[in-house]
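Colleague: full-length UniProt numbering applies: residue 1 is where the sequence shown begins, and numbers increase by one.
It is possible that some hints are incorrect.
[Stated by the list, open to error] When the alpha-carbon atoms are kept at most 30 Å apart in a straight line, the in silico DSS-like pairs for lysine-lysine are as follows: (1) 800 <-> 286; (2) 286 <-> 125; (3) 844 <-> 778; (4) 387 <-> 53; (5) 612 <-> 585; (6) 708 <-> 620.
No lab work stands behind these hints: they were computed from the structure.
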Amino acid sequence: MKANMLEIVEDRYYKVNQATEIRQLFYQTDQQLLSVLTDKDSSDSAMTAELVKANHEGIQTRIVNLEQELNRQKSKLLLKEVEQAYESYAQMQNSFIGLMSNGDMDSLEALYRSERENRNALLNKLAEFKEYQESLMAESLNGANDTYSQLVSTLVAAVAIAIVLIVGVTVWVIRSTGRTISLITKGIKDIDYQDLSSISRLNVESNDEIGNIAKAFNSMADSLENYYVKEQRYSAEISEQNWIQSQSAALVSIYSQHVTIANLADDFISRLAPAAGADLGVIYVKDDNGSKPVFKKQAAYADGADDAGRDFFYEGEGLAGQTVRDKKTIFLEDVPEDYKVLSTGLGDVRPKSIMMAPVMLKDEVVAVLELASLRPFTEAQIKLLEKVIETLGIAITNISGRMEIERLLAESQAQTEELQAQAEELQSQSEELQAQSEEMQSQSEELRMINEQLEERSRDAEMKSEELQAAKEELEEKAKQLGLSSKYKSEFLANMSHELRTPLNSILLLSEMLAEDPDQILTEEQKEFSKVIHTSGQDLLALINDILDLSKVEVGKLEISFEEVNMGEMSQRLKQHFTQVARHKNLEFTVTSEEVPSVFNTDEQRLQQIVKNLLSNAFKFTEEGSVAVTFEKASKGDFFGLPLSSYTNDWLKITVLDTGIGIPSEKQELIFEAFQQADGATMRKYGGTGLGLSISKEFAQLLGGICKVESEEGKGSRFTLVIPNLPNGMPEIEAGSLAFEEAAVTVDPVTQVSEATEAQDAKEDTEAEHQQTGTELKDKTVIVVDDDHRNIYALKNALKKEGMNVLTAENGMQCLDLIMGTEQIDIVLMDIMMPLMDGYETMKRLRGLDRHQDVPIIALTAKAMKGDREKCMEAGATDYISKPLKLDQLLSVMRVWLS
Numbered sequence: 001m002k003a004n005m006l007e008i009v010e011d012r013y014y015k016v017n018q019a020t021e022i023r024q025l026f027y028q029t030d031q032q033l034l035s036v037l038t039d040k041d042s043s044d045s046a047m048t049a050e051l052v053k054a055n056h057e058g059i060q061t062r063i064v065n066l067e068q069e070l071n072r073q074k075s076k077l078l079l080k081e082v083e084q085a086y087e088s089y090a091q092m093q094n095s096f097i098g099l100m101s102n103g104d105m106d107s108l109e110a111l112y113r114s115e116r117e118n119r120n121a122l123l124n125k126l127a128e129f130k131e132y133q134e135s136l137m138a139e140s141l142n143g144a145n146d147t148y149s150q151l152v153s154t155l156v157a158a159v160a161i162a163i164v165l166i167v168g169v170t171v172w173v174i175r176s177t178g179r180t181i182s183l184i185t186k187g188i189k190d191i192d193y194q195d196l197s198s199i200s201r202l203n204v205e206s207n208d209e210i211g212n213i214a215k216a217f218n219s220m221a222d223s224l225e226n227y228y229v230k231e232q233r234y235s236a237e238i239s240e241q242n243w244i245q246s247q248s249a250a251l252v253s254i255y256s257q258h259v260t261i262a263n264l265a266d267d268f269i270s271r272l273a274p275a276a277g278a279d280l281g282v283i284y285v286k287d288d289n290g291s292k293p294v295f296k297k298q299a300a301y302a303d304g305a306d307d308a309g310r311d312f313f314y315e316g317e318g319l320a321g322q323t324v325r326d327k328k329t330i331f332l333e334d335v336p337e338d339y340k341v342l343s344t345g346l347g348d349v350r351p352k353s354i355m356m357a358p359v360m361l362k363d364e365v366v367a368v369l370e371l372a373s374l375r376p377f378t379e380a381q382i383k384l385l386e387k388v389i390e391t392l393g394i395a396i397t398n399i400s401g402r403m404e405i406e407r408l409l410a411e412s413q414a415q416t417e418e419l420q421a422q423a424e425e426l427q428s429q430s431e432e433l434q435a436q437s438e439e440m441q442s443q444s445e446e447l448r449m450i451n452e453q454l455e456e457r458s459r460d461a462e463m464k465s466e467e468l469q470a471a472k473e474e475l476e477e478k479a480k481q482l483g484l485s486s487k488y489k490s491e492f493l494a495n496m497s498h499e500l501r502t503p504l505n506s507i508l509l510l511s512e513m514l515a516e517d518p519d520q521i522l523t524e525e526q527k528e529f530s531k532v533i534h535t536s537g538q539d540l541l542a543l544i545n546d547i548l549d550l551s552k553v554e555v556g557k558l559e560i561s562f563e564e565v566n567m568g569e570m571s572q573r574l575k576q577h578f579t580q581v582a583r584h585k586n587l588e589f590t591v592t593s594e595e596v597p598s599v600f601n602t603d604e605q606r607l608q609q610i611v612k613n614l615l616s617n618a619f620k621f622t623e624e625g626s627v628a629v630t631f632e633k634a635s636k637g638d639f640f641g642l643p644l645s646s647y648t649n650d651w652l653k654i655t656v657l658d659t660g661i662g663i664p665s666e667k668q669e670l671i672f673e674a675f676q677q678a679d680g681a682t683m684r685k686y687g688g689t690g691l692g693l694s695i696s697k698e699f700a701q702l703l704g705g706i707c708k709v710e711s712e713e714g715k716g717s718r719f720t721l722v723i724p725n726l727p728n729g730m731p732e733i734e735a736g737s738l739a740f741e742e743a744a745v746t747v748d749p750v751t752q753v754s755e756a757t758e759a760q761d762a763k764e765d766t767e768a769e770h771q772q773t774g775t776e777l778k779d780k781t782v783i784v785v786d787d788d789h790r791n792i793y794a795l796k797n798a799l800k801k802e803g804m805n806v807l808t809a810e811n812g813m814q815c816l817d818l819i820m821g822t823e824q825i826d827i828v829l830m831d832i833m834m835p836l837m838d839g840y841e842t843m844k845r846l847r848g849l850d851r852h853q854d855v856p857i858i859a860l861t862a863k864a865m866k867g868d869r870e871k872c873m874e875a876g877a878t879d880y881i882s883k884p885l886k887l888d889q890l891l892s893v894m895r896v897w898l899s
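Let the sequences and hints guide you as you build the complete structure.
Modeller: Written as structure tokens, this is what we have:
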């Protein structure tokens, strides 16, 4: 029986304890990996690798110990399954550490999720092994009890037989042994089988068989008492561990229920204090917003009317502050008599024990818990507190991050509203300039008529020659004023483009970063908000481009580039682009080509823009029915009377037909005017700026053709575009027959948005082969030079996410000082328009320095005028990008110059 009991207490308990320790080490490793996934940027890879390695060695050691101790076949099989499952998990954690050491943080979460099924299987096998060992323990215990019952029965029978034999042999034996037998019988009857902690002993000093029985009984009593004590201690430990696990799980579950630190702190302290046996509790949370970190009181449990505890304290101030400095828990058991903070309905009372514990996150104290109790804290309560505060720091940090993101989102929305107001002001000013331009054109026409009259009169009379000369000089002065007005208008639009694109650049960058959400900390609603902000910014950028394109057409300086256009590919692109739009509005959409040449010579970009504007207009004003576009060869009647009708007979006719609301006949000419629609109600209902058709009409004229409309109100509209095939470009014809004679040879100094975008897209194609996995930017040092703090903020956050070291300067002087004082600089992002010293002068001086003169410099500007790229290159720039920036494009260019 002793051997059986020894097996229960030592052997079975040892095996169960080893399995529990394996599971605990596994939980620690898994929790460390999860913390790395939660906070990738500030995780310490060396410390994580060391902890994972130590836990791995501990698990392997315990598995080897169990293999040596197991003697049952089923136990060995279960342990083998556990070992196999852990080998797969160990391979995952080794790969995890390797990726983290290499800086590939984006692949960690996918690697961890791939091992989730094996992780669950490992936990199940550990639980099964533990349950099997506990069942063997129960079997051994039942066997011991049976043995004990048999021993008692045998002992009673032996005593009875002995009494009978003794009575039968001699009477004197009966008299001499009667008292001893009575003592033995009484000792057996006095055994309390419900409580074996104390069993009375038989005091028999004889050396005969009865004495041996008494000694055996006393030895059995010792064994039973030892076994009972160990069984009670083991049960208490198991109960304590289960209580700690259940309480900590209940507390951890509230983390995801709150979005503010105040609510989390209040709910947490109200649950923790009763669970930990505390009668008073306070939680302080670290605030870094001031010049010096301070711990402010966030919530309290059983706080009295006198508001017990401080409202805040600094590191090192008092015992609570010393807890922060030492990063250790402080216990107070000997509380002074006059220390009274606990209040009841009957009065105040002094606590018996006070505990102050720091809440840590990566070796940094983020909060402090202080608990007071009328009773000393038990070991279980202390263990519960230590286990809970391990994860409280992560929860506080996550909620702080979410609150900061919400604040940034509110700021971004405010900036968007400000930008919309500026756009409306720009539109109003553009309308005023348009009116002034028309007035100047009218004055120019009047002057031309006066000049003609003066020329006719000069042939009749030389007496009026002086008046004619004066009128001519006046005409030239008016022409100069008209040219100057056009120049001012162009400069105004270019400057306003810069002022609008500068804040728009930061809005697009920040909203794109929020929408991507690499850390997965935003809700789906917040991601949708970010996408809406980004889409609105793109729409505003398109509006700015439309206004600039229209102004360039008006002054006759929009560049036209004639080239071969594959009509089959163009019709296929239109079908792909608008099929989803038609499907969304439940409209029928068809694209038809009838006897159209496979190759047509015109400006593909302008032609495509015209057709897209017409189709977008058709889909906007069509609620039901169909939209159709037809490509066909134009008949002579379609282009009769046009300026190039006698130059070529090869013309293309494109028809866009819809079943929409239609256009009244008196409004059909008005819709081709800038910022005009059929009426105000149409604009309010369907939206839009009224620029699309105006631009389409002007572009059609630049291509040598015409854009016209046929419509009946309530039945739909038919827009027709007719353009010539010009293999040799725009022909030289009589002056005045085309309004765009110089369009193909000049470029207006207004921001070339669409052209710059195409150039950058082409560059991206050539640079694609240089793009690697993103390691070219990691640990590189970049200087961002910009006078706009919003652009600096957006670029700084975006580049830090790529692992770069970011330095900033607000003008050229600061940039030069920073470069001279920095040892290692890998690349410079240089804004052009800055105070004190602009980007051109800064780049020239940088190239003249003794150090860092070969560092790559990428010029960034929102005023992309003609010649700016060449001017930047001459000043020393390595590459050139116009604002608003596309983050992927900027990173691609940087990788090319850093690879």
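Colleague: Taking the hints in turn, state whether each one holds.
Modeller: To see whether the hints hold, each was checked on the structure:
Of the supplied pair hints, the one linking residue 800 and residue 286 holds, its CA atoms being roughly 25 Å apart against a limit of 30 Å. Pair hint residue 286 plus residue 125 does not hold up; C-alpha atoms about 42 Å apart against a cutoff of 30 Å. At roughly 28 Å between alpha-carbon atoms, residue 844 and residue 778 fall within 30 Å of each other, so this suggested pair holds. At most 30 Å may separate the alpha-carbon atoms for a hinted pair to count; residue 387 and residue 53 meet this at roughly 22 Å.
Proximity of residue 612 to residue 585 is assessed by CA-CA distance (about 17 Å); at most 30 Å being required, the pair is judged to hold. Only pairs whose Cα atoms come within 30 Å are accepted, and residue 708 paired with residue 620 is accepted, the gap being roughly 18 Å.
Consistency with the previously given hints fails for number 2 only.
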